[in-house]
Amino acid sequence: MPSSTPRSGTDPTGGWRRFREEHAWQIREFFFTLHLLRRNPSAVAGFVIICSMVFLALAAPWVAPYDPIRISLSERLSPPSWHHLFGTDELGRDLFSRVLYGARISLRIGLLVVGIAGGLGTILGAVAGYVGGKTDDVIMRCLDIVLSFPSLVLAMALAAALGPSLRNAILAVAFVMIPKFARLVRGEALAVRERPFIAAAKVSGASHTWIVFHHVIPNCLSSVIVLGTLVVGETILIASSLSFIGLGAQPPTPEWGAMISVGRKFLMDQWWYATFPGLFILVTVIGFNIFGDALRDVLDPRIRR
Amino acid sequence: MDEGVVIRAEGLRKYFPAGASGLWGRRKAFLRAVDGVSFHVREGETLGLVGESGCGKSTVGMLLLGLHRPDAGRVLYRGEDILALEGEAKRRMRRNIQVVFQDPQSSLDPRMLVKKAVGFPLEVNGLARGAEVTRRVEAMLAEVGLRPEHMYRYPHEFSGGQRQRINIARALITGPRFVVFDEPTSALDVSVQAQILNLVKDLQKRRGYSYLFISHDLSVIRHVSHRVAVMYLGRIVETAPRGDLFQTPRHPYTRALMAAVPKPDPARRQPLALLPGDVPSPVHIPPGCRFHPRCPEVMDVCRETEPAPVEVGPDHVVACHLWHGTGFDARRRSA
Amino acid sequence: MNGDLLHIQDLSVRFFTYQGVVRALEGVHLAVRRGEILGLVGETGCGKSVLARSILRLIADPPGRIMGGRILFKGRDMLTLPMKEMRRIRGNDISMIFQEPMTSLNPVFTVGNQMEEVVRLHQKVSRKAARRICVEMLEQVRMPDPESVLRKYPHELSGGMRQRVMIAMELSCRPDLLIADEPTTALDVTVQAQVLHILNELTRARGTSVLFITHDLGVVAHLCDRVAVMYAGKIVETAPVDALFRSPGHPYTRGLLAAVPSVDEDREVLASIPGVVPGLIDPPAGCRFHPRCPAARKECEHLEPAGVEVGKDHWVFCHAGRGKVKGER
Ligand SMILES: Nc1ncnc2c1ncn2[C@@H]1O[C@H](COP(=O)(O)OP(=O)(O)OP(=O)(O)O)[C@@H](O)[C@H]1O
Ligand SMILES: Nc1ncnc2c1ncn2[C@@H]1O[C@H](COP(=O)(O)OP(=O)(O)OP(=O)(O)O)[C@@H](O)[C@H]1O
Ligand code: SF4
Ligand SMILES: [Mg+2]
Ligand SMILES: [Mg+2]
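Residue numbers (the UniProt record's numbering), protein chains in the order written: chain A, 1 to 305; chain B, 1 to 335; chain C, 1 to 329.
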């Protein structure tokens, strides 16, 4: 039986060396991208923010001083102190711990939504742009309808129709985000379609499906990554808004939007309740946005060469 | 009659919509890119197709490759009408007819490893898989003068000439019989062009491929072709064996074309032929002979009647009124 | 020396990029004499355009920088001139035509608008008079129906017509030197023939010197008086055009001449120069051609060849230069 990778030896370092040889270009490009990003202050700022958020989210179980859903009625609504950095809520739960765990939830929502919407949107857009004609019209008109509503309003309507839960909120937001990816990829696919290597692939007998997956989508990937970064920020904002009006995460889940929603009632006297989750939303969204923008600049081929 | 003919094109015609003209855009205008083109290519032969930019050379190639559907005409591969084929039969047929495009860079996907860029035709056609693909890619690369380790690189890491070698490898890996070269060296430097031209000729000698070699460069055409077809505004105006065409060009356009090429030899410096005006747009093709507004030998009949192709020598066909009439007349004029 | 209009001495230009330092020009010497057409030939990326642009100080800095050398135009060093003076020279004394005229014509104005503007920049005349001058200019480049051309937008003209408009515009201020960077590369042969004819006629009649950049040896043989051959950022040979084609001195020039297919004769196999043009980030030491050179010797690998005069006005920068050529004669 022929092995599909005859050249890879059993020696693990040999495998790594070969990987490095085969992917020398990607590795070089990667470091070049890093180099460009390092010279771009907003990219560095965004990157630091995103990394801290990811770190806090991953490390929440170890960093958080308290269980985020442990109720301690004796300490309810206490202001920030050394015991409770961000104070406590109306049930005496430690807000600092809840905000940290909230990062886990928000980032997970962001990644899931970008995964679902990015995946589906890319495929739809690639097919629409590559095939063109009627298929393109049908797909894009349907997506235009989705786009013609403000994202938040549509997500609210969908989430309400599906029933309030975190899972449904994710599905609703993902649905709303699909057209963004699809439009972007369609535009790129339209350009890729005209490149001679597509004609060469057709002449060599490649099917349309093969061409979409092996030529069109790989060539759109870098813009999808940029958009994905921007969409993570937007998603976090919309998902928090849904939770804020009770259509997303349900109590006692420590979701930022949901926390603000309750904290709003105490805003006059207990400012810290709504402020800290709000601050985290703000910082995270800004982090993803400025990093996404910088990434767009850096990956722009006109700037690179 | 079709013994030894690989490809025969009959009356190929391709019009592109060119916006609307006339008041309110009622009258549809057409760009007549290819307007009744017939030719054949024999086994192991190179037919050179030469003409100025926009005369429809690439479109002819696209029609043979099935990348455009002709509005009229047929393409026969060894006597079989390839446009009538469907499904699996069509795919199998397509393997026999391959292409190398002008721009070596954009004919390669920048995000595809050379190994895949050369080997994928084997996989998508179900001809080989796994280690067999690697082996055959390696062999193919060796054939076009690249080394095995080049398999694991990306196109932009190569020079233009090497990239064109990769394209040639991709075109030849499924074992086609007929290859369309669409200006394969126009984007290359002279010293590299020579390497590629030698490679192309050498492959033909060893493997017996048949070529349609498209170029706007007469010297390149002379170098690679066995027979040459000269195209002007969507039509072939003259076809002849290479020697005949370059020694005794018959059509006024062919003559003008040859006399417009500056020769790399200052000792034989002479004024270049100056044709009046520019090539007309293929949307507004002149009536009669389409060359007549620029033709130095234009006659009254040229302005009204389109000249039919006439045979003026063995295998030498010209579409020009100068060569109509008696054979004697024709011979006298050429003398 | 006194006949020199432009004298480039020891010019070096580098580009500082992430990938490394591109040594685009290194120690280039070149002179353009009064009234001559000098051809500059070489393959893609050898630095022809960089040379042309450095004469007018049009190198973007960063990434580019002129590292050293002098560019004497009528005896004055252009590299030390103040920018204001430089701009005056650009408009009046030296003109430039590019390969793709679209890049120098503004797509949103008609040809007439742009030509009039150029005319009125140099001469104080009314719009109407300017229009008349434009028509005359177009007639000089044999443009059919100049009036209607003036009303058109650049994209409505064919490549050959655009190039003729550019020639008309650039020659209108009667420059002493015209730099033409591959002006016919994008054109068809029959149109190229027209453009070459016009360029030749007009510049000869006015005694304008031309630096004509091309990679087409046929065009050089047809048009030029003298030729400079460039390889990988250096001039390797300069010669009167007849001498260059009759007895090329540098192995690279010989390879180049042997590699061109000919319209006049059948060659079974073309002689090709082995290998590829080296990158300019890390060019070979010594003679930059030595890795591909059939005549390379030991000293070629580390020693830069100096210029050898192998014939009248015929300079070769090659260690093997002198002996070989003499032997062949
Ligand atoms: N897909 C298309 N849609 C509309 N017009 C087209 C299309 N393809 C080609 N044309 C037009 O058809 C004519 C012939 O084009 P073609 O590319 O065949 O010319 P060519 O002889 O190959 O020229 P070149 O030497 O510039 O490659 C041109 O006028 C071109 O603008
Ligand atoms: N702005 C730039 N940044 C970096 N490198 C540059 C830049 N401009 C030119 N170069 C490099 O300088 C070298 C010479 O380029 P140049 O454009 O002069 O070549 P050329 O001889 O005109 O080629 P062609 O025949 O293709 O026009 C090339 O290797 C090129 O990569
Ligand atoms: S038919 Fe008439 S116009 Fe056409 S090429 Fe012949 S002589 Fe010229
Ligand atoms: Mg073409
Ligand atoms: Mg250039």
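FYI, nobody ran anything at the bench for these hints, they're computed from the structure. A portion of the hints provided could be inaccurate.
To be verified - Distance windows between CB atoms, simulated: (1) A:I27 x C:A285: 26 to 32 Å; (2) B:P296 x A:E194: 14 to 20 Å; (3) C:P283 x A:G15: 33 to 39 Å; (4) A:L152 x C:M86: 38 to 44 Å; (5) A:D144 x C:Q19: 50 to 56 Å; (6) A:P65 x B:E149: 42 to 48 Å; (7) B:G44 x C:K298: 42 to 48 Å; (8) B:D202 x C:H122: 53 to 59 Å; (9) C:K298 x B:R91: 42 to 48 Å; (10) C:R120 x A:A191: 53 to 59 Å; (11) A:F149 x B:R147: 45 to 51 Å.
All figures in this text were calculated on a predicted structure; none of them were measured in a lab. Cβ atoms here follow ideal geometry from the backbone N, Cα and C, with glycine treated the same way.
Here is what the structure says about each hint:
1. A:I27 x C:A285: 26 to 32 Å: holds (29 Å)
2. B:P296 x A:E194: 14 to 20 Å: The hinted range 14 to 20 Å is violated for P296 of chain B and E194 of chain A, with Cβ atoms some 39 Å apart.
3. C:P283 x A:G15: 33 to 39 Å: holds (36 Å)
4. A:L152 x C:M86: 38 to 44 Å: violated (57 Å)
5. A:D144 x C:Q19: 50 to 56 Å: Since D144 of chain A and Q19 of chain C have Cβ atoms about 43 Å apart, the given range 50 to 56 Å is violated.
6. A:P65 x B:E149: 42 to 48 Å: violated (56 Å)
7. B:G44 x C:K298: 42 to 48 Å: Because 47 Å falls inside the window, the suggested range holds.
8. B:D202 x C:H122: 53 to 59 Å: holds (57 Å)
9. C:K298 x B:R91: 42 to 48 Å: With Cβ atoms ~58 Å apart, the hint is violated.
10. C:R120 x A:A191: 53 to 59 Å: 41 Å Cβ-Cβ, so the 53 to 59 Å window is violated.
11. A:F149 x B:R147: 45 to 51 Å: violated (57 Å)
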